[in-house]
Structures are given as structure tokens and as C-alpha cells.
Amino acid sequence: MAPVTAATAGEQMHALVERLYPLCRSITGDGVRATLDIVGEYVPLQVHEVPTGTQVLDWTVPQEWNIRDAYIADATGRRVVDFAASSLHVLGYSVPVAATMPLAELRGRLHTLPDHPTWVPYRTSYYKPDWGFCLAQETLDGLPDGDYEVRIDSTLTDGHLTYAEHVVPGQVPDEVLVSCHVCHPSLANDNLAGIAVAVFLARALAEKTPYYTYRFLFAPGTIGAITWLARNAERVGGPSAAPGRPGEEPGAGGQIRHGLVLACAGDRGRLTYKQSRRGDAEIDRVMRYVLTSSERPHRINEFTPYGYDERQFCSPGFDLGVGSLSRTPYAGYPEYHTSADNPDFVSPEAMADTLAVCREAFAVLDGNRRYVNLSPYGEPQLGRRGLYDALGGRSDTKEAQLAMLWVLSLSDGEHGLLDIADRSGLPFDTVAVAAGALHGAGLIKG
Amino acid sequence: MAPVTAATAGEQMHALVERLYPLCRSITGDGVRATLDIVGEYVPLQVHEVPTGTQVLDWTVPQEWNIRDAYIADATGRRVVDFAASSLHVLGYSVPVAATMPLAELRGRLHTLPDHPTWVPYRTSYYKPDWGFCLAQETLDGLPDGDYEVRIDSTLTDGHLTYAEHVVPGQVPDEVLVSCHVCHPSLANDNLAGIAVAVFLARALAEKTPYYTYRFLFAPGTIGAITWLARNAERVGGPSAAPGRPGEEPGAGGQIRHGLVLACAGDRGRLTYKQSRRGDAEIDRVMRYVLTSSERPHRINEFTPYGYDERQFCSPGFDLGVGSLSRTPYAGYPEYHTSADNPDFVSPEAMADTLAVCREAFAVLDGNRRYVNLSPYGEPQLGRRGLYDALGGRSDTKEAQLAMLWVLSLSDGEHGLLDIADRSGLPFDTVAVAAGALHGAGLIKG
Amino acid sequence: MAPVTAATAGEQMHALVERLYPLCRSITGDGVRATLDIVGEYVPLQVHEVPTGTQVLDWTVPQEWNIRDAYIADATGRRVVDFAASSLHVLGYSVPVAATMPLAELRGRLHTLPDHPTWVPYRTSYYKPDWGFCLAQETLDGLPDGDYEVRIDSTLTDGHLTYAEHVVPGQVPDEVLVSCHVCHPSLANDNLAGIAVAVFLARALAEKTPYYTYRFLFAPGTIGAITWLARNAERVGGPSAAPGRPGEEPGAGGQIRHGLVLACAGDRGRLTYKQSRRGDAEIDRVMRYVLTSSERPHRINEFTPYGYDERQFCSPGFDLGVGSLSRTPYAGYPEYHTSADNPDFVSPEAMADTLAVCREAFAVLDGNRRYVNLSPYGEPQLGRRGLYDALGGRSDTKEAQLAMLWVLSLSDGEHGLLDIADRSGLPFDTVAVAAGALHGAGLIKG
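Chains as they are written, first to last, in our numbering: chain A, 5 to 450; chain B, 5 to 450; chain C, 5 to 450.
Check before you lean on any hint, since a few could be wrong.
It does not matter which identical chain is used: a pair holds within one copy or between any two.
In silico EDC-like pairs for lysine to aspartate or glutamate, Cα to Cα no more than 20 Å straight-line [what the hints assert, rightly or not]: (1) K402 - D162; (2) K449 - E169; (3) K449 - E353; (4) K449 - D62; (5) K449 - E45; (6) K212 - D370; (7) K132 - D393; (8) K132 - D157; (9) K402 - E109; (10) K402 - D151; (11) K132 - D162; (12) K449 - D370; (13) K212 - E364; (14) K449 - D416; (15) K212 - D433; (16) K449 - D73; (17) K132 - D62; (18) K132 - D433.
By construction, these hints were calculated from the structure, which means they are not laboratory data.
Using the sequences and the hints given, assemble the complete structure.
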């Protein structure tokens, strides 16, 4: 495929969002599989199917849910609420039902948003058997009393939970995890935009072998992340791999060094980075640096144990260095979890911007090496090695020379290049180029 | 007795202040004993008598001072200054004197406050034999020249230093020390208000067995605290108990885990908490939390080695986690150490407020437990245990659920519930309730 | 000689600057020797001569440069640029040349400052064989086309690098290094003022045996400091003395405990202290304290690996606690490295002020002792020892008594007197006097 460029990526990502939008995803079922089939056209996927009943950490993989049709019809047979119009109309994981009942009885099964009378809410009941419909308040208000036929043609049977991985091999086996949830039905920002940014990020990273190996995870929220963690104990330094207690060196022994959860990645609001539970993980420092130095409007939020799958990755037993990148975050916009979160709500430009920040951040993460000055006693004579101006006395020292002095000064085994950029106030790229020159001259070792 | 309620406690405390006010207290003597007799009507006391000459740390218990009468009489025999009118009129610890002398000679023995000509100052000379009178400047100005009879009918003899303790037994032997000085004569805010708040605090704590054991100390300032410390070496991790050097784990081995000195507890100014020498002791964090979250006007002051008996408890050899709670602090109001610090200067409402803050603080201290998440790998499935809403998708997560997630996230053996309240921004009570629910479900252990 | 007093020192230092000004200094050569001869009239010097070709850390001592004459003459033989008028006119370390060439060809060898057309810049080429002239832009503009005779009567031969030391013996062998560069030709602020302040500081320190031994280093910039470091490995904990890796306890094993580089010490701008690489070295804390508490206008700058010889002393292998004191710092004034940095640019008052700050700082450094409270359990009874007022009850506690309480409270082996001054807000002198009194009473030990 063609390289990922800012000019085209936004439109391509938006096209992917529109293509995925109609599918009825949930935490299991054919909607997830259809979604992964489409994603697989862009990047090769390894798809995993985990049987119902499998014990995953404290949880159990639930029965698989599928749905063919659902509606509420009035006495004339007219469908006043129809799953075919939007996958949001059915309470997620509704058990099958076929009945006729008066509106008064049906009301307890109907979910609306009185404050936004034209919007349909998104509701689920994964772990308590239930059924219901979601509809616009104004639709409900227009229904005359009387009997209605309700029908949900769903199945809840032993089956599988489905998730997929895509790996961009790097120069080292240490991994960066990029995760996005694929369980939400017809909601664009949450999280088709996150899926689209992840897909195009994977393609961009593959253009040149990155330093880290990047593992992309497309999984249902919560139960999907928990399932993946349970099946990747060694990779994450988890329970069977490292029985260690909370408080140990986080992630010791695991391959996952850093991670980022992508969610709500396409609305027009400013970028929001939510820090890992650690707060000073390298990904936190990298994201703060990139967002601040790029002068984009942005927010840096503290970790909270609520939100997306960073909840699982940052749980105290794992305590991975995983942050979360969004535009307007979780529950921060009225359209959140409603039919108003449709493809118009996300913009190609916003998704392209989210993608660009990810690429900048991973470039810094990949380049944030730690060196040791091999000539730490006094300054080495840079001029002899062609790294320093011969003419002395001028007051306009070049930034490149200053960057070399900073790298020499702080490369004591403690400071990485990002530390050096932070302390010197020099751009990371300038520091990285200086480190490259010094490394080439044999003055520092990696 | 009836439970301590905010509605009645203020008036009851003020009545106690008025009752104690006329007594002539000092660092030894019958005034202290009479004071403790009255306090003993409210809470049972264990009274200690320590003989003159007893070596206590670097100090020696002094001779006991008692006084029956004292006055200055003019040539007509009229008492122009009379101890019977106020215990402040005599320099504390004055040696006996019976003499007649001209005013010019007497002047050197007279203490006044020229800036407040109607107020009588409070002065003492505990360790240098001396005598003198304190009087209003305007009284002095009204005295014609001529001879005056001066008489101080006091005794300074081998006797005892008196102090008392009251213990509210808790669930654990670890102790919280609440200390107030009982050596000041007719001064209401300093420290009858502190005594009154301590008394009603003890009664309030006893209504329900507290977690910690609370030890109340009623002792003369400085020498009393030093005497108590000398006689409670094991309790405070002191010299004979733990010979250790300064710099060791503070208070290691002692039973006193936390403490609070109560002084100037009744004036109408805002509350002031003076931190322990450590500055980050648990009592410091608790008081900061309670004062800040209650939105009362208040000040948090750094430790200084000057003030009340926190000077002794925080001396570097003990370095106990003992702070001090006042309203307007030490020397911070003009009435300080003068006859203007009378019962009108303290208010029932202010004392009730000081008492309320102490109760809130000790509730947090008592409840500030540290737990370990027994299911630290990923989130445990709260819904299965009835701790989480079954209906998903809503954006108005309940605070109680959020609190459970925070407790699970931070209960790694490092963080206590107050840490969790601080970091989450949730009220301590909400966090404590959440911890109780998780503990009940077997998800965390204490 | 007479004691150094503020009243006379400024004028005396300025006279020294004027005397040294005409000499043509460089990193080697007779100009340095003549400078040290004059300095030696003020303080006895140990002069070191290090042969060309000596390996010093990563560098090699270069050939020695000397110059007798240099000029550009026009067709009439008139010298239009003449070394005799200013040592700045020749590019430092110019190889010898004798030629006639048209102005067009000569231009590439001519350095000017177009923005300051009447000033002559200062330029060097120490390590790349080169020649050139520095002149005023307006001089250049006035030269008609045509042939010019150029002549540089210099020698570049094997010889020596020259530097000197002066030691003020102290009570302990631990040393404070005071360093100034002596390689700049006719530039007054950079660095004749630094030399003059160093000289008078040495004389002032010698008036009374200081606590530390003070070592003054007069050496050419960069190569001189590197040569000194190479030859003083044991003194600085350097490579042959302590092979240790970067990251070890800084300066462990070396005698140099603290240091200060003096540069640009005489202009009329406010004082600037540039912190050591460590940032929290004792000299950093002392200088911050002295500058802040003296209420002089000043700046505290972070360390950067660019500037004067703190670059070498703070290189990560040595990482000495060496800061740098200037008035307007490096490259911060337009006159920097130009003929406008002449004796009029520096003022006696400014140099006297720099000297005064150095004396104050070294008094604090010398007095910043750490004590241990020998009576740490409770307060010792100060009154018994005549250290405390007998009259109690007053609210105007004396600062001296407060200082004693602070010293007792914090003398736990962790805090020095400067820490105590910082935390208490009391002046360092008051704290030091209190410590002296307590030491005299046997209550603390050093």
C-alpha cells in the first residue's frame, strides 16, 4: 500500500469509520468478527477465539451473543423501533423475546435521553440477563397507548470471545502495546476512530523497522483486555509468569515496556492524554513532551481507575506503563454513548492529528536511548574530531554543539535523551542528532 | 453521662472554663490539684505526684509552690493590688515577702503593660528565686509616692509535681496522645479552653470504642511534659527504652503513634494547626485533610521548636508525630498572657468547633487503614458480587463504584485510605465505605 | 599588606585590571607569564610549566604561541591595523605571515562586527593553524582597494603551558577551589576583573585562618583547567585516583569539596550565580542563601555545560560542586569579546561588591558545620546554664533563644547550620552564634 501521509490518511481513516459504522458489535459475536475482517484488509491480523466458560483472571468468558433482528411494532404492524435502522436500538446482550404487551408495561424496558429527545442512547446488560430497547424520547412521546409487539431475535449460546492482534516487528523484542476496544456498536468516536487511528498507525510504523516491536490489540473492552492479559502472562509479567507481589518492580520480566490505549480519537476537541497509574512511566514523559513541545492545545490528566482498558493494564498487579490518548475524553461530550456519535461527529482532520501525535510520540519513544559518556573526565576535544567550530570567541554557539555538550554532560547512565531534552530545553530531535554524532565518534556508548 | 453533642457541648465546656478560671494554677501546687479534682468529675483521672528533686531527663522537679494571700497596701492599709481579686497579680513562684518600702523601690518589682493600661500581665519566675506583682498600668499610675506594705504569703518547699492521665481504651494498644497544659492561672483561652476541649473529646471518644487507645495528659507545661516523658520511656521510644541515636526510625518501639497538643482552643479566630517536626506525620496529613476538606477558614503552620509541649514531644530524640491545634496561636492575639484572656474571650461556639474538628480528625485517623488488593491482576468482577451496576453504557458512574475502583487500584500495601482519598479527590468517608464493602467481599485484606 | 577593606579594595582591583590590560595573553606564552608575574606581586604563586605534547585527559598541550608584532600596512607603509595599539587586532594563535596582497584577497582574513562598527572583535584559532586580523568595521570601510602588506611576527613552537596556584592554608585539608581564566588578551571584564577579585579574595581570606584550605587557580581556559585536572587526579577524585564510573558518589576521595569559577566579575550588571551540575551542592545552597538574604539584585541560573571552566570541573566524571559567579554572564552583554570590554567597562564598586559576596559566601561555607544534639530527649534546661531568660510569660522571645531551640531541634546529624537558617528563617549568623553558645555549654558536639 502507499505510505501513510497526513494529506490522505484523514480521509482514508474516515472512510474506514463509515464502513465499520453499521455493524452491530458487542463483547462477543459476529459483529466483532465482521469488524476484524474489514480491519484485516488494511493490516494482517492474528484472530483469537476463546471459548465460552474459559476462566480469565477473576472473570469467565461469557456466552456469545448474536442478533438477527429486533423491533417494536404497533397494532398496525408498523415497526416504530427497528434494529435494522440502528444497532443502538437494542439493549446490548438482550435475551430473545417475542411478546405483545401494552405500552405501560413496555415502558420499563425502554431507555431514552429526555435531555436530548432526538438521540438514541447506548445501553448494555452483559452479565445480567435482561432485554430492552433504546429509542429517542420523541419517538416514545409519539407512541399512543395500546398493545405493541416486541421481538428480539437474538441468541445467547456457548461460543467464543473474539479478539485480534497485529504485530509490527522492531529491532528489539521489547514491545509497545497499542490497544483499542472493538465492542461498541454504531458509535463513531467511541471507538471506530480509535480503531482507524490504530490501523493507520500500524501501517505508518511498518514503513521503516521501528526500534520497539509494536503490538496492536483489537479486543472487546474490559473482558477482552482481561482475556488478553490472562493469555499473555509472560508478556506482561503477570500472575503465572511472575508471581511477585504488588510493589515489585513494575512489569519486571514482561516484554511489554510501554503502551497506549486509543479511544475517542476522532472528535474535534483538543487532545487529552491520561497518564498511567505510575504517572512517571516513560510513555507519560514522552506524551507530555510531545504534546507540550508541539504547542497543540491539549490536556494532561492524572490517572483514574475508570475509563478504558488502561484500567486493566494499569491494575496494581500489572501496573504497566500504559497511558490513554483521546481527544475529548470518556463521557466528556454530550454525544458520548448516543446516536449522535455518528460519522459526522468525527473529522478526517482530527483523526489525522491524533495519528500524527502518535507517530511523533513513538518516534521519541523509539529514539529515547540512554548513553554513557566514555570520556567523562573533562570535555573530550570535539574540535579534533570535526565536531566543533575551529574559530573561537564568537558568542553565537551553534545549537548542535550545545546539544553535544549536553549529551556528554548528562550521559552518565542515569539520563536518557528525553531527560537531556527536558533539562537543556533543546528539541529532542536536536539532542538525538547530537547523540548520533557522538556515538559515531566513539565518545558515547549505548 | 449524656452523649457529647455539638448543641450542648459548647455551653458545657464554657461552664467548665468558668469554674476553673479563679484557681491559681502553677507548675506545682494545690491549684493544679484543685483543677484536676474538677476535671475528674467529668472523666476519671489517674493522678501522679512526683517528688521534688526527681531527675527527669535534663531537668529536676522543682520545689512545690503554694500561695495563700498576697497584696500591696498603701499607708492607709487599703489593698491597692490584691491576689484575691486575680491570681495574675503575683509573679508566679514568688518567694515569700513581708516588707514596707517606698514606691520608688517597689517599682522594680512591678510588671505592667503600658500599651494596654487596663490589663494585668501574666509573669512567672520558676527557676530563679524572685518575687513581684503584676498590675494594670493605670493602677500603677494612680499610686502616690510613699511607703507601701508588700506581702506575699507563699511557700516554696519540697513537695510534688502533679499531673494526671485519662485513658480511653481502643481496639489496639497503639496510642494517640492528647496533651494540654494545666499550669496557667486565671487565663481562659490559654489554657482552660484546651482543657475543656480535651475533657469533652475524651467523653465523645468513649461513646464507641475507638480504634486507637487515646491517652489524655493534663500536665504543667514544659516540666510536666518532660516529667511524663521521663516516666514513659517505653511508651514513647525514649532514652532508656530505645537507646538509639537521633535519625533512627522515629518512635520505633513506642506505643505512642500519634498525638495532638491542645492550646488556645477557644477564641473566636480561625483554627490553626501547627505541624509536627516531621511535617509528614500521619497526624499532619489527617489534620490538613480535615481542615481543608471541611472548608473551615484555617491556617497550617510549619513546625517551630517554640510554642507548647509539642516542643518536648517533637524534640529530636523522641521526634513523635505530635502536632498542635489552636485557634489563634501562641502570642498571636493581644490578650495573650493578660487578664483580658478571661472567660468572655472564649466562646462556646469556638470551643464546639475545635471539638468537632478533633472528632473529625480522630475519625479519619482511626479509619485510615492500609489494605492489600487480593485480586490485583486486572479488575475483579464487581458485578458478580453485587458491587457494580448491571446496566452498562451510562456516563454517570456512581461515586461509590468509583471509590471501590480507587481502593482496588491503590491498595498495594503502600497507600492508606487517606492517600486514596487525597489522590482520588473523593471524600474519606466514601473511600472508607468502599473499602468496607471490598473487605466484606474478600477482595482486600487489612 | 593592609587588610582588604571595601573602601579601598575596589580601587586597588581596578588598578590591577588597568595594569594587566595591555598584555597579550593567550592559552600559552609570555603574556600569561607576565600576567602571573604581576599577580605574584600581590599573592605568592606557585607557577607550573607543562611541556607541549603532554597528554592531559583527552587533550594534548599545544605548541606555545608568542607574538612580537603584527600589522596591516597600506601602499604608503602606514599601519592601518596595528597589534601595538591593541592585542585584539590579531587572531589568537595566528601562524606567522609576511605577504602583500590585494584587499579583496585579504578580506577573508579580516574579522569585524558590522553591528558595532567602532569595536574590534576578539577571535582565536587555537587548534586549527590559521591567521587573521580583527578590526573595526569602520576601519575596514575606510580602506581603499589596492595592495596591503600583512605581517604577523609570531612563533608557534614546542614550549610550555603556564598556570599558577596560590593556597591559603585552612584549619582542615579539605579544599575550596577558586578558579579564573587568564588566557584572554585585552579584555577587562572577561577576565581581568575575575583575576583581580580572586587576588583580593585570597588576601582577605588569609587575614584569619579560614576553616577550609582555599586553592586559587590562575590558568588558561579549557586547556588550562583540563591540564590542572589531569595533574591533580587525587585532589579531585579523578580517573587515576578513583577509577570509578560516572554515577559514583561525586568527588569521593578528592580533597576539593567546593569550588567557584570567577568570570565577568566587574561590570555594572547584577550578580549572577550559575549552579553546579549537581544543583544542590553545598556551594549552590550557600550562594543562593547569601544572594537571597543579602537582598542584592541577582539571578540564579541553572547549570549548562557551556560557559567557563565549570564545564570541566562539572564534567560527569568529576562532577565537582563548583559553581560560577559572574555579574552579567557569558555573552550576555554586547561588549562581550570586543574592544569595548575595556577598563572603563568595569567599575571599582562592582568589583568590590563581587568581592564582598565571595567573602560572605565563604564565611557561610566555612561556618556551615553539622552538630549533634547531646541532649535530644526533651529540651535541655537552658536557663540553668544561663542561656535562657528567667522571667517567663513574655511574648517577645529573643531571636537568640529561638535560634538555640532551632539548633537543638535540628542538630540530628542530618542538618547543617545553613539548613537550620533556611528552615527557621533566622539569619545564618544568629544560628551560628547560637550553635557556638550551645557548643560552649557542652549541649552539642561537632
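Can you name, in rising order, the numbers of the hints this structure does not satisfy? 1, 2, 3, 5, 9, 10, 16, 18
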